[in-house]
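*Asks:* Sequence:
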Amino acid sequence: MDTVIVGSELTRSMLEDGHQSIWCAVSDESDENALEDQVGNDFTSRIVAFEDGQFYCTGGMPWKYAVPIEIIALTRYDFSF
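Just so we're aligned: the sequence shown equals residues 1 to 81 in my numbering.
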């Protein structure tokens, strides 16, 4: 049976599989906390490494939790006026 991998575990797996730069919601509290309030939340980072139990972003800062997210540019058709 296939096991679904999510959250920080998915980020670790992606790094192990060779992904080099993963946009993530980050937190030092939990996966859930990383995703709680993404509206206006500036706690997103491009994760490039997992070492000694910490995720590291392009700026070199360590994070305990890093949940992969998708960042895309919006067009006017993505919302109503």
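Hints are computed from structural coordinates only; laboratory data are not their basis.
Treat the hints with care, as some may be off.
Stated by the list, open to error - Taking CB as the label site, the calculated pair distances span:
no., residue 1, residue 2, range
1, Ser30, Asp52, 25 to 31 Å
2, Ser30, Thr75, 15 to 21 Å
3, Gln54, Tyr77, 35 to 41 Å
4, Asp78, Gly53, 18 to 24 Å
5, Asp28, Asp78, 17 to 23 Å
6, Asp78, Asp52, 37 to 43 Å
7, Arg12, Tyr77, 31 to 37 Å
8, Thr3, Tyr77, 22 to 28 Å
9, Thr75, Asp28, 21 to 27 Å
10, Thr3, Glu70, 28 to 34 Å
11, Arg76, Ser21, 40 to 46 Å
12, Val4, Glu36, 29 to 35 Å
13, Thr75, Asp52, 17 to 23 Å
Just so it is clear, CB atoms sit at the ideal spot from N, CA and C, and this is done for glycine as well.
*Asks:* Is 18 to 24 Å a correct range for the gap between the Cβ atoms of Asp78 and Gly53?
*Replies:* At roughly 37 Å between Cβ atoms, Gly53 and Asp78 fall outside 18 to 24 Å, so the hint is violated.
*Asks:* That 21 to 27 Å hint for Thr75 and Asp28 (C-beta), does it hold up?
*Replies:* This hint is violated: roughly 34 Å between Cβ atoms.
*Asks:* Between Asp78 and Asp52, does the C-beta distance stay in 37 to 43 Å?
*Replies:* holds, 40 Å
*Asks:* Could you tell me whether the CB distance from Ser30 to Asp52 stays inside 25 to 31 Å?
*Replies:* The hinted range 25 to 31 Å is violated for Ser30 and Asp52, with Cβ atoms some 19 Å apart.
*Asks:* Just to be sure I understand the hint, the distance between the Cβ atoms of Val4 and Glu36 should be within 29 to 35 Å; is that true here?
*Replies:* The hint (29 to 35 Å, Cβ to Cβ) is violated, given that Val4 and Glu36 are roughly 21 Å apart.
*Asks:* Is the gap between the beta carbons of Thr75 and Asp52 within 17 to 23 Å?
*Replies:* violated, 41 Å
*Asks:* Honestly, do Thr3 and Tyr77 meet the 22 to 28 Å range at C-beta?
*Replies:* violated, 37 Å
*Asks:* Given a hint of 40 to 46 Å, does the C-beta separation of Arg76 and Ser21 actually sit inside it?
*Replies:* Roughly 29 Å apart at Cβ, these two residues miss the hinted range, so it is violated.
*Asks:* When you take the CB atoms of Thr3 and Glu70, is the distance between them in 28 to 34 Å?
*Replies:* For Glu70 against Thr3, whose Cβ atoms are near 22 Å apart, the range 28 to 34 Å is violated.
*Asks:* Between Asp28 and Asp78, is the Cβ distance one that fits in 17 to 23 Å?
*Replies:* violated, 31 Å
*Asks:* Do the beta carbons of Ser30 and Thr75 sit within 15 to 21 Å of each other?
*Replies:* violated, 33 Å
*Asks:* So the hint says 31 to 37 Å: do the beta-carbon atoms of Arg12 and Tyr77 match that?
*Replies:* Because 36 Å falls inside the window, the suggested range holds.
Checked against the numbered hints listed earlier, the structure breaks hints 1, 2, 4, 5, 8, 9, 10, 11, 12 and 13; every other hint is satisfied.
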